[in-house]
Amino acid sequence: MKFSFYKSSLVVMVSIFLFSCSKDGTPDSAAANSTGKAGSLSKFAIAGNYLYAVDNTQLYTYDITDPANPIQTNTSFLGFAIETIYPFNNRLFIGTTTGMFIYSIDVPAAPVQVGSASHVRSCDPVVANDSIAFVTLKGNSSCGPAVSGLYVHDIRNVFAPQLIKTLELPSPEGLALEGGILYICCNNDGLKVFNVLNPANPIEIRTVTGAYFKDVIPYGDLLICYVSTGIILYDISDPTNPVMLKLIENA
Amino acid sequence: MVFFSNSPAMRLLLLLLILFSITSCWTRNSRPRFIDPHVHVWGNKPVYAARTEAKTISYLDSALPVIVPGNIYAKGNFIYQLEIGKGIHVIDKTNPAQAERIGFITVNGSSQISIKDNYLYTNNYDDLVVIDISNSNSVSVVKRVAGAFPEGASNYFYIEPIESGYYECPRYDSVVVAWVKDSIWTSCSKN
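Chains A and B supply the protein sequences, listed in that same order.
Under this note's numbering, the first residue of the first sequence carries the number 1, and numbering increases by one thereafter.
Under this note's numbering, the first residue of the second sequence carries the number 1001, and numbering increases by one thereafter.
The shape of chain A in the complex, shown without the other chains:
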């Protein structure tokens, strides 16, 4: 009984959280929202008045209070093969080929590592909110031997992330979280749309096919997809049902 109460309250908590922040990412709404949105494969991230950049092994912090004049405040050694950086509130989520690192930016000028979740060598972008981190691992000859799929970590205790779900997926790459919906680019296997209101049990709603999907940005009512042949824009007035508006072809 205790366990199920705990579980259902977690679902409620997460749902409330997800719904409450579903408008946070809406662009053009507030003048204060002066930064844009990056895809999940990015190595640059802006949080507040700071620019965080990763290269192979280091995390560089720049104060951009005056955006025209970045001033370096910190350099941290992270390890090898850093792939992506994703900011959420007072955290940075850093995807590497061997695991996910969580950094606290409570002191934004000097990030400190608080937690990590290591895994078998693979390629792995990450998106997150306050309680859950979603990581896609792409195991193959170039990335490493991990089983490809979605890995869901409970990060309410950031010092000790708990793997609560793994879901095998073909060639997952970029991903994005918007409200209770998770979009996952699975290369030739399409763009998969999941309901993750209960993050321990993602429910696949549909798969959009017709392109080789690499990365994705939800931007208001628009879903921007980076595919091998160009960029595809979908209308996501109904977030569970992307409707294609335009393919901007590479050539």
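Simulated from the structure, these hints should not be mistaken for lab results.
Just so you know, not all the hints are guaranteed correct.
Unchecked claim - Below, computed lysine to any residue pairings styled on SDA-like, alpha-carbon distance capped at 25 Å: (1) A:K37 - A:I71; (2) B:K1055 - A:N69; (3) B:K1143 - B:S1174; (4) A:K37 - B:V1068; (5) A:K37 - B:E1163; (6) B:K1116 - A:D63; (7) B:K1190 - B:V1068.
A quick note: this is a predicted structure, and the numbers were derived from the prediction, not measured.
Dock chain B against the given chain A, drawing on the hints supplied.
Relative to chain A, chain B alone:
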């Protein structure tokens, strides 16, 4: 080096070694394929543009085709997409159904992007540069942090020679404008 050229078996071993070293360091981001050991052979040698060109950042007010696509970024009415090692495509999505590329910011050696207000952050090889994008038909560099990403220098992207075989790995801080046949030390190879 005689060791490697003596017998067909040794050549096969060398080939396997090369193939292994290629696949072992191949990542999603197509990093340079460094070859070891170094051997003197006939192969492709890079021809570089003048040094100033490598660090010149400019805006082209018309669309270019996407050859080596990279990260995407969205802000306001625009989408930006990296052209790996070359610069940033600008896409107008004011009317999504008619969205199209409208311009190109030339930033050689670039691979990343972020934006705050009207300032775009990217890398010009291993330099961090801040580009003022407030003007719709020109850009200007307002700050350059030289050597900001020393580790990232080894991630520099470039276009390989068209033909397969050995070529000299290009310097990471220079623009390759062409390839010529010459006697080179093997440092890179293309399948």
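Hints versus structure:
1. A:K37 - A:I71: Given that 25 Å is the threshold and the Cα spacing comes to 22 Å, the pair holds.
2. B:K1055 - A:N69: Holds, because 19 Å separates the two Cα atoms, which is no more than 25 Å.
3. B:K1143 - B:S1174: Distance of about 20 Å is within 25 Å: holds.
4. A:K37 - B:V1068: Holds. A:K37 to B:V1068 sits at ~21 Å (cutoff 25 Å).
5. A:K37 - B:E1163: This hinted pair is violated, its Cα atoms lying about 38 Å apart.
6. B:K1116 - A:D63: 12 Å, holds
7. B:K1190 - B:V1068: Measuring from Cα to Cα gives roughly 17 Å; hence the hint holds.
Hint compliance for this structure: hint 5 is the single one not met.
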